[in-house]
Amino acid sequence: DAKTTQPTSMDCAEGRAANLPCNHSTISGNEYVYWYRQIHSQGPQYIIHGLKNNETNEMASLIITEDRKSSTLILPHATLRDTAVYYCIVRVQTSGTYKYIFGTGTRLKVLA
Amino acid sequence: GAVVSQHPSRVICKSGTSVKIECRSLDFQATTMFWYRQFPKKSLMLMATSNEGSKATYEQGVEKDKFLINHASLTLSTLTVTSAHPEDSSFYICSARDWSGRSYNEQFFGPGTRLTVL
Numbered sequence: 001d002a003k004t005t006q007p008t009s010m011d012c013a014e015g016r017a018a019n020l021p022c023n024h025s026t027i028s029g030n031e032y033v034y035w036y037r038q039i040h041s042q043g044p045q046y047i048i049h050g051l052k053n054n055e056t057n058e059m060a061s062l063i064i065t066e067d068r069k070s071s072t073l074i075l076p077h078a079t080l081r082d083t084a085v086y087y088c089i090v091r092v093q094t095s096g097t098y099k100y101i102f103g104t105g106t107r108l109k110v111l112a
Numbered sequence: 113g114a115v116v117s118q119h120p121s122r123v124i125c126k127s128g129t130s131v132k133i134e135c136r137s138l139d140f141q142a143t144t145m146f147w148y149r150q151f152p153k154k155s156l157m158l159m160a161t162s163n164e165g166s167k168a169t170y171e172q173g174v175e176k177d178k179f180l181i182n183h184a185s186l187t188l189s190t191l192t193v194t195s196a197h198p199e200d201s202s203f204y205i206c207s208a209r210d211w212s213g214r215s216y217n218e219q220f221f222g223p224g225t226r227l228t229v230l
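Protein sequence lines, in the order shown, are assigned to chains R and G. When you number the first sequence by the working numbering, it's gap-free, plus one each residue, and the end is 112. When you number the second sequence by the working numbering, it's gap-free, plus one each residue, and the end is 230.
Bear in mind the hints are in silico, worked out from the structure with no lab data behind them. Fair warning: this is a prediction, and the values are worked out from it, not measured in the lab. Mixed in with the good hints there might be a few duds.
Claimed, not checked - If you only want the chain R side, here are some residues facing chain G, beta carbon under 7 Å, derived:
{"#": "1", "residue": "Cys12"}
{"#": "2", "residue": "Ser28"}
{"#": "3", "residue": "Asn30"}
{"#": "4", "residue": "Gly43"}
{"#": "5", "residue": "Pro44"}
{"#": "6", "residue": "Tyr46"}
{"#": "7", "residue": "Thr97"}
{"#": "8", "residue": "Gly105"}
The beta-carbon is built from N, C-alpha and C at its ideal position, and this holds for glycine as well.
Please model the entire structure based on the sequences and the hints provided.
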């Protein structure tokens, strides 16, 4: 029951903004969108999450379309250390608990 | 804060043996922990949801007799791969939710355990 689709890979020049898109056209009204990233052979690291409003924190910004069918993660000034796989996740509620449904991920490569 | 550890980080075992993987929340209590499996260059697949003091809830297609989960305390969940076979070789990752209110919505992930079955 895949909930999100993401491009397989993207390149970004160091210092430029990295814009990572995600489609979640079947998302329900109370399901949040989360973004995590995973550096090779490590556990995923939380980046940001949102429901319908745009969100910003010290790591990134999350832009969610008004119809909530897609979102974009923005890393404003990408560095080489941002090279990782970025996962767009929908959090679903089932049987009284919340579960993450991971997308296939976008492999971001930041180029010097 | 909100650190999750896993032990061991890497394990190699012979076919037919059982392997136990521990997941600990170090600085918070986790009533709910999750176990994921990840094949090379693939995404994370949820295997089961582990609730402290009760039976785990397994995802469709995951054999509960093969992957035994125990969540006996608020800081420890264990995954035992029974009678392991080479096809069980994978990267196993756990996560935990912090219900204290500090980060209500997030799951915090452990560093993962790489299992290789010979």
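We went through each hint and held it up to the structure:
no.: 1; hint: Cys12; result: 20 Å, violated
no.: 2; hint: Ser28; result: 16 Å, violated
no.: 3; hint: Asn30; result: 12 Å, violated
no.: 4; hint: Gly43; result: 4 Å, holds
no.: 5; hint: Pro44; result: 5 Å, holds
no.: 6; hint: Tyr46; result: 5 Å, holds
no.: 7; hint: Thr97; result: 6 Å, holds
no.: 8; hint: Gly105; result: 5 Å, holds
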